[in-house]
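So the sequence lines, in the order shown, correspond to chains D and X.
Under the working numbering, read the first sequence as residues 11 to 121, first letter to last.
Under the working numbering, read the second sequence as residues 9 to 125, first letter to last.
Quick caveat, the hints were computed from the structure, so don't treat them as lab data.
Where a beta carbon is used, it is the ideal one built from N, C-alpha and C, also for glycine.
One should not assume that every hint holds.
[Unchecked claim] Think about it this way: if two alpha-carbon atoms lie no more than 27 Å apart in a straight line, the pair counts; the simulated DSS-like pairs of lysine-lysine are: (1) X/K49 to X/K63; (2) D/K108 to X/K72; (3) X/K74 to D/K108; (4) X/K63 to D/K108; (5) X/K22 to X/K72; (6) X/K22 to D/K108; (7) D/K108 to X/K49; (8) X/K49 to X/K74; (9) X/K72 to X/K28.
[As the list claims (entries may be wrong)] Chain D is nowhere near these chain X residues, computed Cβ spacing over 12 Å in every case: (10) C21; (11) V27; (12) R32; (13) Q46; (14) D73; (15) T90; (16) H93; (17) S103; (18) I124.
Spelled out, the chains give:
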Amino acid sequence: GIQVEQSPPDLILQEGANSTLRCNFSDSVNNLQWFHQNPWGQLINLFYIPSGTKQNGRLSATTVATERYSLLYISSSQTTDSGVYFCAVERYGGATNKLIFGTGTLLAVQP
Amino acid sequence: GAVVSQHPSWVICKSGTSVKIECRSLDFQATTMFWYRQFPKQSLMLMATSNEGSKATYEQGVEKDKFLINHASLTLSTLTVTSAHPEDSSFYICSASARDNRFQPQHFGDGTRLSIL
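Using the sequences and the hints given, assemble the complete structure.
Here's what the structure looks like:
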């Protein structure tokens, strides 16, 4: 099946710093989402981005589907950005689409 | 919009009991609901996919007789962990996808932490 690898696995930042998280996938996909899982376990949908670039405040994401990767940019990081970031890809197979989650990046933003 | 409610948030129970977790789409009709399991410091793994009015489709390695899934309406799916044991302790998360548009993203509930003593 399709493999989804994220890097780096862990990241420690000082508040105010910028960072780039990467998501590589092993086969063509129909869609890609980025999530933030906060310390309480809640999954927050950040971007639905099968291709191109999107921005939402301090966050932006770019997916280059032909090269099988996506990047999540976090600018001016805040302590509330801490948590785990997952990308998830979707391949259409039959009648139901499935999300396959990546390995995750654990981000800790220190004051 | 696109709110998914999951209950309960926390469950602690004795080994051998059965636990039911509910997943509701509050403001949209969900043709398909998904159940995931997440062990500590790991990623989310899809357990099963349920479509309203039909039997769930389980991923390889997931025991369908242990994890009973019912999707009786377009707004409710339930996961019952039967005869739970300590190794079933995990974080269970549901998601729902709106009908008739395969380009709609999945919307996730807040998860249920299950601890079996």
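Results of checking the hints against the structure:
Taking the CA atoms of X/K49 and X/K63, the gap is about 31 Å. The hint is violated against a cut of 27 Å. Straight-line distance between C-alpha atoms of D/K108 and X/K72 comes to about 18 Å, which keeps the hinted pair within the 27 Å bound. A distance of roughly 22 Å separates the Cα atoms of X/K74 and D/K108; the hinted pair therefore holds under the 27 Å criterion. A hinted pair counts as satisfied when its Cα atoms are at most 27 Å apart, and X/K63 with D/K108 qualifies at roughly 16 Å.
For the proposed pair X/K22 and X/K72, the alpha carbon gap of about 21 Å is at most 27 Å, so the pair holds. As the CA atoms of X/K22 and D/K108 are separated by approximately 33 Å, the hinted pair breaks the 27 Å bound. For the suggested pair D/K108 and X/K49, the alpha carbons sit about 22 Å apart, so the restraint of at most 27 Å is met. Distance hint between X/K49 and X/K74 is fulfilled; the C-alpha atoms sit about 24 Å from each other, no more than 27 Å.
Among the hinted pairs, X/K72 with X/K28 is consistent with the structure: their alpha-carbon atoms are about 14 Å apart, no more than 27 Å. Distance check on X/C21: its Cβ is at least 19 Å (rounded) from any Cβ of chain D, clearing the 12 Å threshold; non-interface status holds. With a closest Cβ-Cβ approach of about 17 Å to chain D, X/V27 is found to remain outside the 12 Å limit, as its non-interface label requires. Its beta-carbon lying about 16 Å from the closest one in chain D, X/R32 satisfies the requirement of being farther than 12 Å from that chain.
For X/Q46, the non-interface assignment is contradicted: its Cβ lies about 8 Å from the closest Cβ of chain D, within the 12 Å cut-off. Every beta carbon of chain D lies more than 12 Å from that of X/D73, the smallest distance being close to 22 Å; the non-interface claim holds. The beta carbon of X/T90 is kept farther than 12 Å from every beta carbon of chain D, the shortest such distance being approximately 23 Å. The beta carbon of X/H93 sits about 22 Å from the closest Cβ of chain D, which is more than 12 Å, so the claim that it is off the interface holds.
Remark: the non-interface label on X/S103 conflicts with the geometry, its nearest Cβ contact in chain D lying 8 Å away (cut-off 12 Å). No beta-carbon of chain D comes within 12 Å of the beta-carbon of X/I124; the shortest separation is about 18 Å.
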